[in-house]
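A.B. asks: Listed below are the residues making up each chain.
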Amino acid sequence: MHTVLQQLVNGLSLGSIYALLALGYTMVYGIIKLINFAHGDIYMLGAFWGYYVINQWHFSFWPALLSAMVFCALAGVIIEYLAYRPLRNSPRIAALITAIGVSFLLENGMSYLFSSNVRNFPQAMHVKSYNFFGAKVSNIQILILVVSIVLMILLQLIIRRTKMGKAMRAVSVDPDAAQLIGINIDRTISFTFALGSALAGAAGVMIGLYYNSIDPLMGMTPGIKAFVAAVLGGIGLIPGAALGGFVIGILETATQALGFSAFKDAVVYVVLIIILLVRPAGILGKNIKEKV
Amino acid sequence: MKKNLKYNAIWLAIAILGYVLIYALEMVGVIDQFAETTLVLIGINIILATSLNLVIGFSGQFSLGHAGFMALGAYSSALVTSAIPSVGGFLLGLLVGMIVAGIVALVVGIPTLRLNGDYLAIATMGVAEIIRIILNNLKITNGPAGLYNIPMLANWSTVYVLVVITTLIIVNFVHSRNGRAVMSVREDEIAAESIGINTTKYKIIAFVLGAAIASIGGALHANYIQTINPTDFGIMESINILIIVVLGGIGSITGTFVAAFLLGILDMILQNFGTLRMVLYSLALILIMVFKPSGLLGTWEFSVRRLFTHKKAKGDAE
Numbered sequence: 001m002h003t004v005l006q007q008l009v010n011g012l013s014l015g016s017i018y019a020l021l022a023l024g025y026t027m028v029y030g031i032i033k034l035i036n037f038a039h040g041d042i043y044m045l046g047a048f049w050g051y052y053v054i055n056q057w058h059f060s061f062w063p064a065l066l067s068a069m070v071f072c073a074l075a076g077v078i079i080e081y082l083a084y085r086p087l088r089n090s091p092r093i094a095a096l097i098t099a100i101g102v103s104f105l106l107e108n109g110m111s112y113l114f115s116s117n118v119r120n121f122p123q124a125m126h127v128k129s130y131n132f133f134g135a136k137v138s139n140i141q142i143l144i145l146v147v148s149i150v151l152m153i154l155l156q157l158i159i160r161r162t163k164m165g166k167a168m169r170a171v172s173v174d175p176d177a178a179q180l181i182g183i184n185i186d187r188t189i190s191f192t193f194a195l196g197s198a199l200a201g202a203a204g205v206m207i208g209l210y211y212n213s214i215d216p217l218m219g220m221t222p223g224i225k226a227f228v229a230a231v232l233g234g235i236g237l238i239p240g241a242a243l244g245g246f247v248i249g250i251l252e253t254a255t256q257a258l259g260f261s262a263f264k265d266a267v268v269y270v271v272l273i274i275i276l277l278v279r280p281a282g283i284l285g286k287n288i289k290e291k292v
Numbered sequence: 001m002k003k004n005l006k007y008n009a010i011w012l013a014i015a016i017l018g019y020v021l022i023y024a025l026e027m028v029g030v031i032d033q034f035a036e037t038t039l040v041l042i043g044i045n046i047i048l049a050t051s052l053n054l055v056i057g058f059s060g061q062f063s064l065g066h067a068g069f070m071a072l073g074a075y076s077s078a079l080v081t082s083a084i085p086s087v088g089g090f091l092l093g094l095l096v097g098m099i100v101a102g103i104v105a106l107v108v109g110i111p112t113l114r115l116n117g118d119y120l121a122i123a124t125m126g127v128a129e130i131i132r133i134i135l136n137n138l139k140i141t142n143g144p145a146g147l148y149n150i151p152m153l154a155n156w157s158t159v160y161v162l163v164v165i166t167t168l169i170i171v172n173f174v175h176s177r178n179g180r181a182v183m184s185v186r187e188d189e190i191a192a193e194s195i196g197i198n199t200t201k202y203k204i205i206a207f208v209l210g211a212a213i214a215s216i217g218g219a220l221h222a223n224y225i226q227t228i229n230p231t232d233f234g235i236m237e238s239i240n241i242l243i244i245v246v247l248g249g250i251g252s253i254t255g256t257f258v259a260a261f262l263l264g265i266l267d268m269i270l271q272n273f274g275t276l277r278m279v280l281y282s283l284a285l286i287l288i289m290v291f292k293p294s295g296l297l298g299t300w301e302f303s304v305r306r307l308f309t310h311k312k313a314k315g316d317a318e
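Protein sequence lines, in the order shown, are assigned to chains A and B. Note that the UniProt record's numbering numbers the first sequence so that position 253 is 253, with each residue one more than the last. Note that the UniProt record's numbering numbers the second sequence so that position 149 is 149, with each residue one more than the last.
Misleading hints may appear alongside valid ones.
[As the list claims (entries may be wrong)] Here are the simulated DSS-like pairs of lysine-lysine, each with C-alpha atoms no more than 27 Å apart in a straight line:
no.: 1; chain 1: A; residue 1: Lys33; chain 2: B; residue 2: Lys292
no.: 2; chain 1: A; residue 1: Lys33; chain 2: A; residue 2: Lys166
no.: 3; chain 1: A; residue 1: Lys136; chain 2: A; residue 2: Lys33
no.: 4; chain 1: A; residue 1: Lys33; chain 2: A; residue 2: Lys163
no.: 5; chain 1: B; residue 1: Lys292; chain 2: A; residue 2: Lys264
[To be verified] Here are a few chain A residues that face chain B, going by a calculated C-beta distance under 7 Å:
no.: 6; residue: Ile93
no.: 7; residue: Ile97
no.: 8; residue: Thr98
no.: 9; residue: Ile100
no.: 10; residue: Phe104
no.: 11; residue: Gly109
no.: 12; residue: Tyr112
no.: 13; residue: Phe260
no.: 14; residue: Ser261
no.: 15; residue: Asp265
no.: 16; residue: Ala266
no.: 17; residue: Val267
no.: 18; residue: Leu272
no.: 19; residue: Leu276
no.: 20; residue: Leu277
[Unchecked claim] Stretch-level coverage of chain B by chain A, calculated; a stretch enters the list once three of its residues show a Cβ under 8 Å from a Cβ in chain A:
no.: 21; region: 120 to 128
no.: 22; region: 235 to 243
no.: 23; region: 282 to 289
Quick caveat, the hints were computed from the structure, so don't treat them as lab data. Every residue, glycine too, gets a C-beta built ideally from N, C-alpha and C.
Start from the sequences, fold in the hints, and give me the full structure.
C.D. replies: Below you can see the structure in the form of structure tokens.
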């Protein structure tokens with residue numbers, strides 16, 4: 001029972017990181033139907049930003065988190081403006097290759113500028129452990145879970161309650177019709193990238209704090225897994241991405257706990273394929289009509 | 001039939017001329033060991049990319065898991081040739097690899113090809129990753145260390161001959177009755193179905209053929225490089241093959257050749273730049289895509305026949 005609870009806690013904190021990343025994927029996919037391969041690398045940028053501001057400018061955790069979100073939002077908007085906007089009307093696969101190119105550029109550019117060594121993330125917070133019904137829970141795990149959930153609720157509020165959110169939903173349903181009723185598509189798409197990238201930046205800082213190490217290639221695998229999470233939950237759907245992230249996080253820790261850690265990625269993919277075959281639009285796909 | 005004979009003869013002449021040219025350059029010493037390796041890698045990439053082009057460009061199914069089939073070919077061939085280090089063993093290895101990759105593609109394809117677009121891409125990516133992870137954990141494949149000391153049974157002429165043969169197979173398939181059916185599925189699945197084409201069947205035929213040919217590329221890789229390990233066949237490899245296809249123009253075999261050569265040569269030149277290499281490579285990739293989104297050649301195809309009919313000042317309604 002203890003181990004089950006312990007794994008659940010570990011799975012939830014890992015899952016919330018995946019969920020935060022998956023939200024960015026799902027929003028971008030929902031609005032311009034692009035698998036933004038560079039999203040995982042924006043998460044890496046966030047982690048590096050956190051590393052520098054904490055080390056150089058002696059930021060504490062919260063300012064580091066917020067500034068990383070702003071920084072990543074800017075990075076996301078710039079990438080969209082320079083690399084994806086010119087390709088908006090070209091075949092989707094061309095945009096996909098561009099996204100892969102941007103991902104390579106960020107990974108290798110960072111390796112070139114800052115070397116590809118693994119760095120220790122500064123301990124911006126004193127680690128404390130609590131005993132929770134026999135399971136060990138660190139304050140960082142609680143922090144990750146709470147911050148992720150707060151961010152997800154905020155995101156949901158932005159999408160449901162604000163004018164920009166309404167514009168995002170409109171553009172994702174039908175860009176041409178949205179333009180006809182006076183929605184500025186370019187600005188809406190930029191805003192979507194800003195939102196998604198900000199979440200990735202937050203995830204980057206928190207994963208740095210949690211795993212204690214960062215490197216320029218850290219975004220690759222979590223990026224792909226987060227995308228799998230988004231597809232698993234039903235791509236284009238905000239609750240789907242959150243659900244998919246948690247499912248994959250828990251699945252991964254569970255396989256590890258059962259002693260099959262070598263196969264943990266394979267299990268994730270097997271589950272993905274089975275779900276896609278049974279429910280081609282993902283777990284929550286089609287149940288909810290509105291997409292962002 | 002007689003008419004085609006002329007064009008086929010010209011193609012054969014081109015192929016032989018290419019071989020003689022490389023052979024001569026090798027003799028003269030223009031092509032050194034380094035250039036030869038580059039050429040061989042370009043050749044292997046051509047085999048992999050044309051087979052992926054068959055799946056993506058002609059049947060319109062977006063597969064992101066080509067490296068998985070390449071891995072199956074590489075491991076089958078490596079295991080067989082390690083046991084039988086002879087030309088016969090190499091051919092047997094090729095055959096085993098093609099059969100294994102074909103069967104896996106069939107088993108995977110039947111359920112997943114029902115998915116469309118990006119879902120299929122993710123499912124095939126998952127399949128490739130599962131293959132890689134299984135190879136990473138099997139005893140017979142020597143786990144993460146991979147296989148080494150594989151006998152070197154492939155040289156540049158083996159690669160050259162196989163490039164010609166696989167290209168022939170793919171081009172002929174595309175121009176056959178089956179190939180037209182495959183392309184009709186790409187153009188409009190519902191329309192194809194309504195005129196009695198079994199869309200699932202043709203999608204699977206293209207997928208299985210693509211996988212079998214990709215396994216040839218893998219086998220050549222194993223027998224030329226002589227060491228393989230599972231990390232060679234990760235998502236990055238699938239993406240590299242995809243980049244060649246898209247850069248050359250989806251649905252253009254000529255484009256795939258051009259892109260494979262350009263990227264191979266670009267890679268060779270950039271070797272001198274050290275760590276900056278990948279930065280420049282990715283920048284080049286983004287710029288080409290932003291300014292030429294349909295790929296270098298689009299769907300343009302080099303054709304001897306057109307060259308001739310052009311000369312005869314149109315006419316010939318072919």
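A.B. asks: Which of the numbered hints are not met once you compare them with the structure shown?
C.D. replies: Structure breaks hints 3, 5, 13, 14, 17.
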